[in-house]
Amino acid sequence: MEPTMSFFSGFQPSDVLYLTEAAWRTLLISVLSISIGTFLGTIFGWMMYEGKWAAALTLGPVLDVFRSVPLIIQLVLFYNFAPIIGLNLDPFLSGVVILSIYCASLMANIARGGMEAVDPPMRRAARSLGMSYWQDLRYVVLPIGGRAVFPSWVGVALGVMKDSALVSVLGYVELLKASQILITRTQEPLLILTIAGAFYFALSYPISRYAATLEKRWAS
Amino acid sequence: MFDYNFHWRPVLKSLPDLLAAGLTTLEIAALSMVLGIIFGLGLALIQMHMRGPLKWLASAWIELARNTPALFQLFFFGFGLGAVGIHMSPYVIVLAALSFNCAGYLAENFRGGFQAIPNTQIRAARSLGMTAWQSYTRIIIPQVFRIVYHPLTNQIVWAVLMSSLGMLVGFRELSGETQALASRTYRIFEYFAVTAVIYYMVVKIILGSSRLLATRLFRY
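Heads up: the protein sequence lines correspond to chains A and B, in order.
According to our numbering, the residues represented by the first sequence are 1 to 220, in order.
According to our numbering, the residues represented by the second sequence are 1001 to 1220, in order.
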């Protein structure tokens, strides 16, 4: 028998698998939040565009709050507020709710910018060709405005992916939380943080590069 | 449905502490902005005018800062460098991580600013007898700052919001102080709600004063 017991054990190959799983969870929560956030944000952006001053007075300030308070404070607040009104959400759901709203508040501006990027004469032309309002939105505004704001959309989406690291504060074991757990066991912070950073980089860098090339191609 | 009693009194009692911590937040955000601008300018110039290892280093800095979460960068400066014997106080860790991050983002902004200024201006300045240093500091950089003014104010807001991550490495800025106070009285929601209001007001003040400053600076 071993005379002493050790709490710590070195870094093993199986730990890479553990980190990969955690990276998958980071991807999961990001994709979910970005999808919901983009959907809501587009609706909010449309309301801001069509509602003019009514939306500017009501929706604008509300969305502004989510952009002006640190995400980590929002997460802690919501996580502690949900039980007060009788909701029992696990860290994952709380994270998705707040990340989605945060994402939507950023996307609303982008969506509105996209709608403003389409020339009014173009839309009038669409309407006078007999398109309905929704057809005009779907077949004229979406392709043209969407293309104009696509690079900023990618920027915000990647930002939300990186900000999903903050959900670790609530205890959701995503990439950064998993690396913290491993650091506690192996006592090798430099190695593990480098691997975690490489995962994030591998998720983010190709997409931002691809968006940059697309932007360049569309510009010419 | 609502059997939770809000207790605001302990929060109001410790409001002076919170406001003092808010000053720490402002201080570290301002310092990291100054460092970020200096390093960001340097990185942008290196990336545009140099080749070889220095350029690779600058590119690596920019891409790492932009493609990994700020929280990861903070952990790297805190735990990662701690493992190789570089121990820093929480203040220095947060400052280093924030400056690293800001410099990466600002470098891209500056690069865009430099590219927006026609090359002929440098030649004109040089042919008037200015040295390279003079033509940069007197002709180019003032114009670049005008172009990047709005991204710069956004970055200041980001720095304020990002400094809230200091709470996770035990730094007593606004969020860290709030967490410490909240765990003493266990009024987590109330404390963080007040902190959120403080952050909101700080951000509004920064944006408002930057707009005021812009009307004064860019009058003609």
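Since the hints were made in silico from the structure, they are not lab data.
For every residue, glycine included, the Cβ atom is placed at its ideal position computed from N, Cα and C.
Please note: incorrect hints may appear among the correct ones.
Under 8 angstroms between C-beta atoms, here's a sample of chain B residues computed to sit facing chain A [to be verified]:
#1 1004
#2 1030
#3 1061
#4 1063
#5 1068
#6 1079
#7 1083
#8 1086
#9 1087
#10 1090
#11 1105
#12 1164
#13 1194
#14 1204
Status of each hint after checking the structure:
Annotation: residue 1004/B was flagged as interfacial toward chain A, and the flag holds, the nearest CB pair being 4 angstroms apart, inside 8 angstroms. Proximity of residue 1030/B to chain A is violated relative to the hint, the smallest CB-CB distance being about 17 angstroms (cut-off 8 angstroms). The beta carbon of residue 1061/B is not positioned within 8 angstroms of any beta carbon in chain A (closest approach about 13 angstroms), and the interface hint is therefore violated. Contact between residue 1063/B and chain A, as hinted, is supported at the beta carbon level, the nearest pair being about 6 angstroms apart and thus within 8 angstroms.
For residue 1068/B, the interface hint holds, since its Cβ comes within 8 angstroms of a Cβ in chain A; the closest pair sits about 5 angstroms apart. With a least beta-carbon distance of about 4 angstroms to chain A, the hint placing residue 1079/B at the interface is held under the 8 angstroms criterion. Because the smallest distance between the Cβ of residue 1083/B and any Cβ of chain A comes to about 4 angstroms, under 8 angstroms, the interface hint for this residue holds. Because the closest C-beta pair between residue 1086/B and chain A is about 11 angstroms apart, greater than 8 angstroms, the hint is violated.
Restraint check, residue 1087/B versus chain A: the minimum CB separation of about 12 angstroms is more than 8 angstroms; hint violated. Among the interface hints, the one on residue 1090/B is violated; its C-beta lies about 16 angstroms from the nearest C-beta in chain A, farther than the 8 angstroms criterion. Annotation: interface hint on residue 1105/B violated; nearest CB of chain A at approximately 11 angstroms, more than 8 angstroms. Interface hint at residue 1164/B: satisfied, since its Cβ lies 4 angstroms from the closest Cβ of chain A, which is below the 8 angstroms cut-off.
Hint status for residue 1194/B: violated, given a least beta-carbon distance of 10 angstroms to chain A, over 8 angstroms. The interface hint given for residue 1204/B is met, as the beta carbon of that residue sits about 7 angstroms from the closest beta carbon of chain A, less than 8 angstroms.
In terms of the numbered hints stated before, the structure departs from hints 2, 3, 8, 9, 10, 11 and 13, listed from lowest to highest.
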